[in-house]
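S.K.: For reference, the chains in residue letters:
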Amino acid sequence: MENTLRQKAKGLLESGEVKVVIGYGWNRAKTRTTPVFITDPAEAESLVWNPLCVNNLSLYLTRKFKEIKALGRPAVVAKGCDIKNIVVLMTEGQFKREDVFIIGMTCSGTVYRQELWKGELTPNIMPTKCHNCDVRNPHVADFVVGEKTNFTPPEVPTGMVFDKIKELDSKPQADRWAFWVKEFSRCVKCYACRQVCSLCYCERCITEKNMPQWIETSAHPRGNLSWNLTRAMHLVGRCTFCGECERACPVNIPLNLINQKMIGVVKEAFDFKSGYDEKTHPPMIVFSPDDKENFIK
Amino acid sequence: MADKILKKEKLGALIESVTGKGGRFVAPTTDAHQVVFKKIKSADEVAGDYILARNSFKEFLFPQTEVVAEFTMGKDSVDMRGVEVHAPQTVVFGARPCEAASLAGMRALFTWDFVDEFYTKREENTVVVTVGCTKGDDACFCTTVNLSPESTEGADVYLREAGDSYTVKVISEKGKKFLEAHAAVFGEGKAKEDALFMPEKIKEVDLAKVSARLKDKGHYDDPVWAKLTRKCIGCGACTFVCPTCRCFDMVDEGTAFEGERRKNWDSCQYDTFTLHASGHNPREHQHQRWRNRFMCKFHFYPEKFSSKGCVGCGRCIRVCPVRLDITEVMVEFSK
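Just so you know, the sequences run in chain order A and B. Under our numbering, the first sequence has 155 at position 155, and the numbering climbs by one with no breaks. Each position in the second sequence, counted from 1, maps to that position plus 297 in our numbering.
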């Protein structure tokens, strides 16, 4: 697969169809993958593809990265899950389909965190999203690398995240509250969750607004709670469960739980899952006379 | 003075001895699947198998958020009141030699043009007990910045793993007093020390060259900055776990009638860090912010305070979501 990927990237750059290929390369010690931006066809050889390719590179397509945008039309190496974010960005008018060349990678799963890698991809080091993945064959792409896989996700989603949500849902409200207050107490307000999220593309985040100040920037319980809940609300109907926020969190806050819970709520209320179809607008930005009103009590 | 040892089974007694006198005992412990420095109460909480804690112990000297003043708004006046510095007697146990070496730079900054008592009082009341590393990983690079698991810079007491004991070396006056205060816990004797983990020195790095190149402002607009660091997403996680990063922001929080002035960690990796009220931002692009962090570590601190800006603990490398490796930039700037 790596060879096909390199050849394609080289060809795209040589023909001038794209100016930069956003992909994965090795770090100096070749122990971890890291995002690379290839502009010279000769450097296409440094592209790699393996289960350590965890980053969701759709992040670099957002308007937060002006310097990358300035390089010219990009091609992006994307797994199915990353493509979901690209789709959301398109439905939200961030760019058009033709503005980006998607090199879709057929995927058999990645590691949850790179440091867990011991040379073999085993189910226990894969994140919940991979166990339930329905886009291992890229669903929107200009070029697909890899053989089609026959993997079918389980009918009822399984994995740690779903188990934990079930466990939390069965608890009384006070216990759930206590759980989240404890988890958020570790928050250091570094905003890595926001920075790594391709759907957090606001140029001025609400937490940076101080006239008036909506969210207290101090890492105390009130500030932490308002930040994390606000971010969760801003991702409702948009988050694709790519898991980057939880991976980037330096203090291990289980953000996947919140995001997956929200995905479940949106699915139930609007029968909508984000990231599949660029033509369908997410429920939070459209009005329909058929919208349920049963939340008004 | 005879050779001192600390039996590992006596760690509980040491904790009791410290906390019994009203002090806080801070050590690496496992929390939410990672080893972090926390205030602990018993020996079973102390993590045994770790390279180094995910966070640095700086938060016990310089908390993430702390109230430095309180205010009440009167009809045509503001009543501003200072607060007492909360500086409990503290023992930081199990820090690594690399991170302890960060203290000189911390003190230099917090006593530079203004003595920040919130920091100095706390540091004065803290005893740092380091333990030489017997484990490491590919992010460790202390030897590249002229430190090693044998360094004792910044430490008050230096321990070495030795089977079921630690060998004990007193480094500072504070350390000596610490041993005297808890004399019952320490024993006399010798023990065979376990082998240390020595990270391989990155031979392509030449700190003098890095420093010289940074001093010459010609590098400022070098496209190499953008090339090396364009993947940086500006999350600032590196600055939060870094033992030498110490930038902070002052915020007023509260209602229209009363509130608190807080000193919060800030990060030079945020665009708001240098954003002017006019809307102009002298560090508009992420690579410029990254350049600043690198210069702070390898030029500003060494030059201004003759102290280390980087101690080679490797936390920034481990925590980076895009694996931006500071040593790769050091290699580039050694050319």
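Take these hints with a grain of salt, some might be off.
[Unchecked claim] If you want the ones that stay clear, here's a sample from chain A, every Cβ over 10 angstroms from chain B, calculated:
no.: 1; residue: 51
no.: 2; residue: 150
no.: 3; residue: 159
no.: 4; residue: 189
[Unchecked claim] Derived CB-CB ranges, DEER-like:
no.: 5; chain 1: A; residue 1: 72; chain 2: B; residue 2: 575; range: 30 to 38 angstroms
no.: 6; chain 1: A; residue 1: 295; chain 2: B; residue 2: 581; range: 53 to 61 angstroms
no.: 7; chain 1: B; residue 1: 489; chain 2: A; residue 2: 230; range: 24 to 32 angstroms
no.: 8; chain 1: A; residue 1: 17; chain 2: B; residue 2: 492; range: 50 to 58 angstroms
no.: 9; chain 1: A; residue 1: 179; chain 2: B; residue 2: 489; range: 42 to 50 angstroms
no.: 10; chain 1: B; residue 1: 345; chain 2: A; residue 2: 206; range: 37 to 45 angstroms
no.: 11; chain 1: A; residue 1: 175; chain 2: B; residue 2: 447; range: 46 to 54 angstroms
no.: 12; chain 1: B; residue 1: 575; chain 2: A; residue 2: 97; range: 37 to 45 angstroms
no.: 13; chain 1: A; residue 1: 93; chain 2: B; residue 2: 552; range: 33 to 41 angstroms
no.: 14; chain 1: B; residue 1: 345; chain 2: A; residue 2: 296; range: 53 to 61 angstroms
no.: 15; chain 1: B; residue 1: 370; chain 2: A; residue 2: 93; range: 37 to 45 angstroms
no.: 16; chain 1: A; residue 1: 154; chain 2: B; residue 2: 515; range: 57 to 65 angstroms
By construction, these hints were calculated from the structure, which means they are not laboratory data. Every residue gets a Cβ at the ideal spot worked out from N, C-alpha and C, and that includes glycine.
S.K.: Compare the structure with each hint and give your call.
M.R.: Comparing the hints with the structure gives:
no. : hint                                : result
1   : 51                                  : 15 angstroms, holds
2   : 150                                 : 32 angstroms, holds
3   : 159                                 : 16 angstroms, holds
4   : 189                                 : 7 angstroms, violated
5   : 72(A) - 575(B): 30 to 38 angstroms  : 31 angstroms, holds
6   : 295(A) - 581(B): 53 to 61 angstroms : 43 angstroms, violated
7   : 489(B) - 230(A): 24 to 32 angstroms : 56 angstroms, violated
8   : 17(A) - 492(B): 50 to 58 angstroms  : 55 angstroms, holds
9   : 179(A) - 489(B): 42 to 50 angstroms : 47 angstroms, holds
10  : 345(B) - 206(A): 37 to 45 angstroms : 43 angstroms, holds
11  : 175(A) - 447(B): 46 to 54 angstroms : 49 angstroms, holds
12  : 575(B) - 97(A): 37 to 45 angstroms  : 38 angstroms, holds
13  : 93(A) - 552(B): 33 to 41 angstroms  : 39 angstroms, holds
14  : 345(B) - 296(A): 53 to 61 angstroms : 56 angstroms, holds
15  : 370(B) - 93(A): 37 to 45 angstroms  : 44 angstroms, holds
16  : 154(A) - 515(B): 57 to 65 angstroms : 59 angstroms, holds
Hint violations for this structure: numbers 4, 6, 7, all remaining hints satisfied.
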